[in-house]
Amino acid sequence: MVQQVTCGIKISVETHYEGSFYKNYRIQYAFAYTITIENQSKDSVQLNARHWEILDALNNIETVNGEGVIGKKPVLKPGESHTYTSGCILTSPFGAMQGHYEMVNFTTTRQFQVTIPTFKLSAPFAIN
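Counting with numbering that gives the first Met the number 0, you get residues 0 to 127 for the letters of the sequence shown.
Because the hints were derived from the structure by calculation, they are not lab data.
For each residue, glycine too, the CB sits at the ideal point set by N, CA and C.
A few of these clues could be false.
[Unchecked claim] List time: in silico SDA-like cross-link candidates among lysine to any residue, alpha-carbon distance up to 20 Å: (1) Lys9 <-> Ser85; (2) Lys119 <-> Thr14; (3) Lys9 <-> Thr117; (4) Lys72 <-> Lys119; (5) Lys72 <-> Val12; (6) Lys71 <-> Lys119; (7) Lys9 <-> Ser80.
[As the list claims (entries may be wrong)] Taking CB as the label site, the calculated pair distances span: (8) Thr108 <-> Ala31: 32 to 38 Å; (9) Arg25 <-> Gly78: 43 to 49 Å; (10) Ile26 <-> Thr106: 46 to 52 Å; (11) Thr108 <-> Gly86: 29 to 35 Å; (12) Lys22 <-> Pro116: 17 to 23 Å; (13) Gly70 <-> Gln112: 17 to 23 Å; (14) His50 <-> Arg25: 35 to 41 Å; (15) Phe20 <-> Ser43: 38 to 44 Å; (16) Gly70 <-> Lys9: 21 to 27 Å; (17) Thr108 <-> Lys9: 45 to 51 Å; (18) Thr106 <-> Asn59: 39 to 45 Å; (19) Pro77 <-> Ile26: 44 to 50 Å; (20) Val4 <-> Ile88: 25 to 31 Å.
Use the sequences and the hints to build the structure in full.
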């Protein structure tokens, strides 16, 4: 598990290899990741958007931007957390993801970014 705290918001990430399959005559590797967003600050916050950079071992980079996470824009009061699971497909058996969340502080109405720490994606058979 990797963890990082930015502006009082703690991000924890766990990953899991889901398996492989063929699509358009190319092998694809599926990974799941579970993220917990914990509000350790004294203010209520809301997650509004996400930005991802997904890198595979073949130096392919995919950038993903979107609203919320899995269709939600969670509001977190101090001490609350939100956990969700999502996934990605790579063209190699290992890679990495990193990014940030766009959030707003309800007390100050200030928008801020929360770093999602870089985490590795690796199929167990690909590790020496």
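Evaluation of the provided hints:
1. As the CA atoms of lysine 9 and serine 85 are separated by approximately 18 Å, the hinted pair is consistent with the 20 Å bound.
2. Distance check on the hinted pair: lysine 119 and threonine 14 sit about 8 Å apart at the alpha-carbon level, within 20 Å; holds.
3. The straight-line distance between the Cα atoms of lysine 9 and threonine 117 is roughly 14 Å, inside the 20 Å bound, and the hint therefore holds.
4. With a C-alpha separation of about 25 Å, the suggested pair lysine 72 and lysine 119 falls outside the 20 Å cut-off, and the hint is violated.
5. In summary, the hint linking lysine 72 to valine 12 is supported, as the alpha carbons are separated by about 18 Å, within the 20 Å threshold.
6. Our distance criterion of 20 Å between C-alpha atoms is broken by lysine 71 and lysine 119, whose separation comes to about 25 Å.
7. The suggested pairing of lysine 9 with serine 80 holds, with an alpha-carbon distance near 9 Å, which does not exceed 20 Å.
8. Taken as a hint, the range 32 to 38 Å holds for the pair threonine 108 and alanine 31, whose Cβ atoms sit roughly 35 Å apart.
9. Look at arginine 25 against glycine 78: about 46 Å separates their beta carbons, and that is inside 43 to 49 Å.
10. Separation of isoleucine 26 from threonine 106 is about 49 Å and conforms to the stated range, judged on CB atoms against 46 to 52 Å.
11. A hinted range of 29 to 35 Å for the beta carbons of threonine 108 and glycine 86 is consistent with their spacing of about 34 Å.
12. Against the hinted window of 17 to 23 Å, the Cβ-Cβ separation of lysine 22 and proline 116 comes to about 29 Å, which falls outside the hint.
13. The hint said 17 to 23 Å for the Cβ distance between glycine 70 and glutamine 112, and at roughly 21 Å that hint holds.
14. The hint said 35 to 41 Å for the Cβ distance between histidine 50 and arginine 25, and at roughly 27 Å that hint is violated.
15. Distance hint for phenylalanine 20 and serine 43: a CB-CB separation of about 42 Å, consistent with the stated range 38 to 44 Å.
16. Roughly 23 Å separates the CB atoms of glycine 70 and lysine 9, a value that falls within the hinted 21 to 27 Å.
17. Separated by about 22 Å at the C-beta atoms, threonine 108 and lysine 9 break the suggested range of 45 to 51 Å.
18. Checked against the given bound of 39 to 45 Å, the beta carbons of threonine 106 and asparagine 59, roughly 41 Å apart, stay inside it.
19. Separation of proline 77 from isoleucine 26 is about 46 Å and conforms to the stated range, judged on CB atoms against 44 to 50 Å.
20. In this structure the supplied range 25 to 31 Å holds for valine 4 paired with isoleucine 88, their Cβ-Cβ distance being about 30 Å.
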